[in-house]
Amino acid sequence: MRLIHRSHRAANAVRTVSPSGELFVTSIVICMILASFGDAVDPNWIGEAGLEFAFFDFGGELSVLAMRHWNLLELLLAGSVMAAGIMVLRIVGGACFPPLDPAAPGGVEKVPIKL
Amino acid sequence: MELELFSGAFFSALLAIILIDLVLAGDNALIIGLVARNLPKESQNKVIFWGTFGAIAIRALMAILVVYILAVPGFMLVGGLALVWIARKLLTPQENAEENHLVKAPAASFAAAVRTIVIADAVMGIDNVLAIGGASHGSILLILIGLAISVPIIVWGSQLVIKLVDRYPSVILIGGAVLCWTAYTMIVREPMLVAWFEAHPASKLVLAVLAFSIALAPWYAERLSESMKPLTVLLPAILIWMLGFEVASSFWKVQTDYLMATTQGEYLLDGLRWIGWLPFAALFLWVRERLVLRNARLARSPQ
Numbered sequence: 001m002r003l004i005h006r007s008h009r010a011a012n013a014v015r016t017v018s019p020s021g022e023l024f025v026t027s028i029v030i031c032m033i034l035a036s037f038g039d040a041v042d043p044n045w046i047g048e049a050g051l052e053f054a055f056f057d058f059g060g061e062l063s064v065l066a067m068r069h070w071n072l073l074e075l076l077l078a079g080s081v082m083a084a085g086i087m088v089l090r091i092v093g094g095a096c097f098p099p100l101d102p103a104a105p106g107g108v109e110k111v112p113i114k115l
Numbered sequence: 001m002e003l004e005l006f007s008g009a010f011f012s013a014l015l016a017i018i019l020i021d022l023v024l025a026g027d028n029a030l031i032i033g034l035v036a037r038n039l040p041k042e043s044q045n046k047v048i049f050w051g052t053f054g055a056i057a058i059r060a061l062m063a064i065l066v067v068y069i070l071a072v073p074g075f076m077l078v079g080g081l082a083l084v085w086i087a088r089k090l091l092t093p094q095e096n097a098e099e100n101h102l103v104k105a106p107a108a109s110f111a112a113a114v115r116t117i118v119i120a121d122a123v124m125g126i127d128n129v130l131a132i133g134g135a136s137h138g139s140i141l142l143i144l145i146g147l148a149i150s151v152p153i154i155v156w157g158s159q160l161v162i163k164l165v166d167r168y169p170s171v172i173l174i175g176g177a178v179l180c181w182t183a184y185t186m187i188v189r190e191p192m193l194v195a196w197f198e199a200h201p202a203s204k205l206v207l208a209v210l211a212f213s214i215a216l217a218p219w220y221a222e223r224l225s226e227s228m229k230p231l232t233v234l235l236p237a238i239l240i241w242m243l244g245f246e247v248a249s250s251f252w253k254v255q256t257d258y259l260m261a262t263t264q265g266e267y268l269l270d271g272l273r274w275i276g277w278l279p280f281a282a283l284f285l286w287v288r289e290r291l292v293l294r295n296a297r298l299a300r301s302p303q
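If you're matching them up, the sequences are chains A and B in order.
Everything in the first sequence is counted per my numbering, starting at 1 for the first residue and increasing by one.
Everything in the second sequence is counted per my numbering, starting at 1 for the first residue and increasing by one.
Okay, chain B solo, but in the shape it has when bound (with noise of 0.2 Å):
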């Protein structure tokens, strides 16, 4: 789907692309400065140099490829999903600063130091390229505008980054809702899957009040209290039970529709529809509860 150039879905898209890119941003400086601290000083100013510029290469390498692995069906349902796990990790609160994975040790050589800031960069920028590349509804210019935004945030753009989201923490909130909001519409655009949202218009509703409780998860559930605090699980698992009927319905040519069924399997079936998941969900609690006082009871014991 082409956009039309600046019509209101067109600065959606790209206001979308700002976001995304502001709080997927890798950090690259760190990434430099870990793997040069070693080298000679006069290599390292040539590792800062050709570091950023092939870290930027593979961004765009990566971003020209999206478009069209988005466009290979089945694609864009996996990489709705893969968006909804990237809002809820992003999210998640993190205790203490992560460990850098990416550089184990400073490198040697200048050849090993740029490998390893453009391996680095190519693993930090996936979810951002593929977040862009739905965002941006296989329009080119929009990539290419998601890419002129992104590569003064590699090279520069870090301490301002910081500082806007350290002042405004919910900037990180809206980038998490976008991020869900945009992985809803890729599963919805999924080729594969248009004809059967036609034919099952509900469940788009379903989809994306799934995709948010799944998301948002880390959210909602630091305002739940201990008692509520299941309902991160169970709410997705009934909202995932009723799609999959509505899903099975269409496999198995079965009415799970009451006002449509005529016979009494489909009377059945659409009660275990309805109220089929309780005995699981009461099991859950059952089990957590369970748990809860197990751990309880060892915390309390000696040791």
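Only chain A is shown next, with the shape it has when bound in the complex (with noise of 0.2 Å):
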């Protein structure tokens, strides 16, 4: 038996996680695709397939930010900051864009849909 399984929410930690905590780990898990991305793609290669090829291409793109053989703490700290931005545009974008509220079902402003 696991440690871990002592505790109800750690048990079941896919479905106990936060939403903050699930965004982190997210962008982790991105990172390290990402970097793997960059492992599969040989900058030598981008290099003379030429730069205009590496300036349009995904994975050279990768190369060119040197995500090759990122370390774990790179990936931490790169996650990190990817769940920050994301959080950060979230806010931004829900004070500029604030969501619609449904009319109430009696409300005159309902419009009624028939199909």
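Do not take every clue at face value.
To be verified - Here are the in silico distance ranges between beta carbons for each label pair:
1) A:L89 - B:A57: 49 to 55 Å
2) B:A199 - A:I30: 23 to 29 Å
3) B:P279 - A:P102: 40 to 46 Å
4) A:P102 - B:W252: 36 to 42 Å
5) A:R90 - B:L141: 41 to 47 Å
6) B:R300 - A:M87: 57 to 63 Å
7) A:I30 - B:V254: 33 to 39 Å
8) A:S18 - B:Q255: 47 to 53 Å
9) A:L89 - B:L243: 57 to 63 Å
10) A:G93 - B:A57: 52 to 58 Å
To be verified - Derived coverage of chain B by chain A (criterion: at least 3 residues anywhere in the stretch with Cβ under 8 Å from a Cβ of chain A; other residues may be distant):
11) 5 to 11
12) 113 to 119
13) 216 to 227
To be verified - These stretches of chain A come out as covered by chain B in the derived footprint (C-beta under 8 Å, 3 or more residues):
14) 28 to 40
15) 68 to 80
16) 87 to 100
Simulated from the structure, these hints should not be mistaken for laboratory data.
A virtual CB, placed ideally from N, CA and C, is assigned to each residue, including glycine.
From these two lone chains plus the hints, build me the complex, please.
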């Protein structure tokens, strides 16, 4: 039996994780996949193919950003920055474009839709 | 590969080891309690001491062994595949508290109690030691530090770990992701496959996405609607299909890249690679739909 299974919240982490925690881990996983993408593309090959190719190729972009052979600390840091950026965008976006509230079911402004 | 001391890579491996120790720690205190509960009071203290000592000794022995085992060609690949499965199991929600299958009944004697504790720790610690072996990149120093961290968790730190993961369940998700990343790096470092991955660099990306899609399936399946649930099977299956063609092209020396294809057969083979999985995916979805409908009908029908 694992120690984490003594806690119900930890044993069901995929259900009990907070939205911000989930965003943080998702960002780390995305960075890990991007780093493997960077590893898959050889910058020497990009050099041979030409700089213009590197500008338009996503793998090349990652290689240009030196996202090759990143270690876990770099990935965690990049994931944190990405999560913070998305959080700020969400807050600013929510402030600039407030979500629309549905009209009350019996309200005069409710548009009846019939199929 | 020996890591440079106190470099970024060294601290990264150390962080991975700490996370792995946290999420894969076994509940030794519970095992000791279960085993020793029927023994006399004076024997209980001896069982606690020698059981803990035996558990630490067996963990150290396994950690040393795993370094040598992972150096054998093929074992890095097997270990990596095992870690993907361990990460998946870690993230799979547990509806009820897991029964402890390692201890069937309280021990009747001191020797039997210590033996049960040591065997239980060995069984519980296999995944932990394997993951630490993979994360340490063969560095004995990191293995020792990993042991130095896991031993206090075994002896005193259980309540602290439980409090931490209970307050921040995202630690489990990070642990799963780190296990999966370790598995990916282990497979890519496999001596038998290094040259192949150099020749097929895009396969590294496919492998990474495949590993994450299998290991993190319990997590993203929770966020998918019922109609999108088959994606948890289809996505890994399509990636395995693609990877299979890449491997097959190496074995049978056939060209599966349409840019380099010259014969009609090679063009057909490439077409098969890109769209050949569609009939299988359609068949899978059809069978699944039939099974869902059948189960719903059975559930509705009177007993």
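Against the structure, the hints:
no., hint, verdict
1, A:L89 - B:A57: 49 to 55 Å, "52 Å, holds"
2, B:A199 - A:I30: 23 to 29 Å, "27 Å, holds"
3, B:P279 - A:P102: 40 to 46 Å, "43 Å, holds"
4, A:P102 - B:W252: 36 to 42 Å, "60 Å, violated"
5, A:R90 - B:L141: 41 to 47 Å, "42 Å, holds"
6, B:R300 - A:M87: 57 to 63 Å, "45 Å, violated"
7, A:I30 - B:V254: 33 to 39 Å, "34 Å, holds"
8, A:S18 - B:Q255: 47 to 53 Å, "50 Å, holds"
9, A:L89 - B:L243: 57 to 63 Å, "35 Å, violated"
10, A:G93 - B:A57: 52 to 58 Å, "57 Å, holds"
11, 5 to 11, "holds (count 3)"
12, 113 to 119, "violated (count 0)"
13, 216 to 227, "holds (count 4)"
14, 28 to 40, "holds (count 8)"
15, 68 to 80, "holds (count 6)"
16, 87 to 100, "violated (count 0)"
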